[in-house]
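Below are the chains, spelled out letter by letter.
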Amino acid sequence: MLQRILFVVSATGESLRAAPIVSELALCTNAQIIALNVVDSTVAQRVVTATGSTVTDLFVKLEQDGWRYLFDVEDMAKSMGARIVLLQDEGYPEATVTSAARRFKVDLVVVPRSRAAGMAQSRIERMAMALIDRLDCPVMVV
Amino acid sequence: MKLSDYLTEKTVEAQSSISGSSRILERLVDLVEAPKAFMDSATLLAEIKQREKLGSTGIGEGVAIPHVHLKDVHEMRVAMLTTKSPVEFGAVDEKPCGIFIMVVAPDDDRDAYLNLLSAVSGLMRREHVRKALSSAASSGDILKVLREAERA
Chain A
-4 MLQRILFVVS ATGESLRAAP IVSELALCTN AQIIALNVVD STVAQRVVTA
46 TGSTVTDLFV KLEQDGWRYL FDVEDMAKSM GARIVLLQDE GYPEATVTSA
96 ARRFKVDLVV VPRSRAAGMA QSRIERMAMA LIDRLDCPVM VV
Chain B
636 MKLSDYLTEK TVEAQSSISG SSRILERLVD LVEAPKAFMD SATLLAEIKQ
686 REKLGSTGIG EGVAIPHVHL KDVHEMRVAM LTTKSPVEFG AVDEKPCGIF
736 IMVVAPDDDR DAYLNLLSAV SGLMRREHVR KALSSAASSG DILKVLREAE
786 RA
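Line order of the protein sequences matches chains A and B. Be aware that the first sequence starts at -4, since it is given in the numbering used here, and climbs by one per residue. Be aware that the second sequence starts at 636, since it is given in the numbering used here, and climbs by one per residue.
Accuracy of the hints is not assured; some may be wrong.
Pairs of lysine to aspartate or glutamate, DMTMM-like flavour, derived with a Cα cap of 20 Å [said to hold, decoys possible]:
hint, chain 1, residue 1, chain 2, residue 2
1, A, 100, B, 682
2, A, 56, B, 728
3, B, 688, A, 19
4, A, 73, A, 9
5, B, 684, A, 89
6, A, 73, A, 120
7, A, 73, B, 742
8, A, 56, B, 746
9, B, 637, A, 9
10, B, 637, A, 19
11, A, 56, B, 744
12, A, 73, B, 710
13, A, 73, B, 707
14, A, 73, B, 687
15, A, 73, B, 776
16, B, 730, A, 84
17, B, 637, B, 710
18, B, 730, A, 102
19, B, 706, A, 70
20, B, 706, B, 742
21, A, 100, A, 89
22, B, 637, A, 70
23, A, 100, B, 742
24, A, 100, B, 723
25, A, 73, A, 52
26, B, 688, B, 729
27, B, 688, A, 85
28, B, 766, A, 84
29, A, 100, B, 728
30, B, 688, A, 70
31, A, 73, B, 744
32, B, 684, B, 742
33, B, 730, B, 762
34, B, 645, B, 776
35, B, 706, A, 84
Over the 10 Å line for every Cβ pair with chain A, so calculated as not near, a few chain B residues [to be verified]:
hint, residue
36, 645
37, 651
38, 658
39, 675
40, 676
Treat the hints as calculated values from the structure; they're not laboratory data. Since the structure is predicted, the reported quantities are computational estimates derived from the model, not experimental observations. Where a beta carbon is used, it is the ideal one built from N, C-alpha and C, also for glycine.
Produce the complete structure using the sequences and hints provided.
Below, the structure is given as structure tokens:
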């Protein structure tokens, strides 16, 4: 029986599309959703180099964008009656999600798929494969 | 947006002896001075408890951020409390919490709400900040720790 579902929330519409599915799954199994947004520090460094913004400014923007989507996911889960906890962390996404999954002893990790082509899509696929390799619990792409 | 901008010595309590998650929430509602901004304390407490039922706002590493956004609220209110001994709060990492930050925000100002929560989340990820807050002896010391951390 699922007790905890780790839902990886990216600052994209795909997370909002996946949120009702995750909420429904949580309701069916009486599981708690742990919605985790990871501020990708590698992306931040690359953007800083390319744009000349400061690291602090960029991190603040990424954190705020992340919270925006976390709140939207929370609202959706709440409206369906699902239990949810919101978290934000920073680091390399695969490693951070793996660490969170182990630390919180989750039963399932859900990763929203990207409808984008090319690099964005392969990034999601890489994350899902990395999580499958590292974790004992199932990984679901929605 | 800085957490310390929303706190005063009146809305911060250090080294509280309160135990029990329910009493912690009651004390935070007292500190946040609900009637000044909006609603009566009993209604706010009910809303906060309802949010906690959905899922603990204990985000791990001893920190909890009970938060609500409500349509009857007309200004953002924040309160903070640290406890002498950590309290069982149903946190996601199953560790007790010793740092509590309550955020009550207007429903129609989501941007300010999420900006503040992201600022709080960023601060609380730093272990040295959490340690300094946990050991701060007074509300003045807590505010000092926050201001120094926000400058860094």
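Structure-based check of all given hints:
1. A:100 x B:682: With Cα atoms ~29 Å apart, residue 100 of chain A and residue 682 of chain B exceed 20 Å; violated.
2. A:56 x B:728: violated (27 Å)
3. B:688 x A:19: holds (18 Å)
4. A:73 x A:9: Holds: residue 73 of chain A and residue 9 of chain A sit about 18 Å apart, inside 20 Å.
5. B:684 x A:89: Not satisfied, since the Cα-Cα distance of roughly 34 Å exceeds 20 Å.
6. A:73 x A:120: violated (29 Å)
7. A:73 x B:742: It holds: about 15 Å lies between the C-alpha atoms, which stays within 20 Å.
8. A:56 x B:746: holds (12 Å)
9. B:637 x A:9: Measuring from Cα to Cα gives roughly 30 Å; hence the hint is violated.
10. B:637 x A:19: This hinted pair is violated, its Cα atoms lying about 36 Å apart.
11. A:56 x B:744: Status holds; Cα separation ~17 Å.
12. A:73 x B:710: violated (23 Å)
13. A:73 x B:707: holds (19 Å)
14. A:73 x B:687: Holds, at about 11 Å.
15. A:73 x B:776: Status violated; Cα separation ~37 Å.
16. B:730 x A:84: Holds, because 17 Å separates the two Cα atoms, which is no more than 20 Å.
17. B:637 x B:710: It holds: about 15 Å lies between the C-alpha atoms, which stays within 20 Å.
18. B:730 x A:102: holds (19 Å)
19. B:706 x A:70: holds (14 Å)
20. B:706 x B:742: Roughly 5 Å separates the two Cα atoms, so the pair holds.
21. A:100 x A:89: Distance of about 16 Å is within 20 Å: holds.
22. B:637 x A:70: Not OK: residue 637 of chain B and residue 70 of chain A at ~25 Å, beyond 20 Å, violated.
23. A:100 x B:742: violated (34 Å)
24. A:100 x B:723: Status holds; Cα separation ~18 Å.
25. A:73 x A:52: violated (31 Å)
26. B:688 x B:729: Holds: residue 688 of chain B and residue 729 of chain B sit about 16 Å apart, inside 20 Å.
27. B:688 x A:85: Not satisfied, since the Cα-Cα distance of roughly 27 Å exceeds 20 Å.
28. B:766 x A:84: Holds: residue 766 of chain B and residue 84 of chain A sit about 18 Å apart, inside 20 Å.
29. A:100 x B:728: Holds: residue 100 of chain A and residue 728 of chain B sit about 9 Å apart, inside 20 Å.
30. B:688 x A:70: Since the Cα atoms of residue 688 of chain B and residue 70 of chain A sit roughly 14 Å apart, the hinted pair holds (cutoff 20 Å).
31. A:73 x B:744: holds (19 Å)
32. B:684 x B:742: holds (18 Å)
33. B:730 x B:762: holds (15 Å)
34. B:645 x B:776: Status holds; Cα separation ~13 Å.
35. B:706 x A:84: Distance ~29 Å between residue 706 of chain B and residue 84 of chain A Cα, so the pair is violated.
36. 645: holds (27 Å)
37. 651: holds (24 Å)
38. 658: holds (21 Å)
39. 675: At roughly 23 Å from the nearest Cβ of chain A, residue 675 of chain B sits farther out than 10 Å, so the non-interface label holds.
40. 676: Consistent with the label, residue 676 of chain B stays out of reach of chain A, its closest Cβ about 23 Å off (over 10 Å).
When held up to the earlier numbered hints, the structure conflicts with 1, 2, 5, 6, 9, 10, 12, 15, 22, 23, 25, 27 and 35 and fits the remainder.
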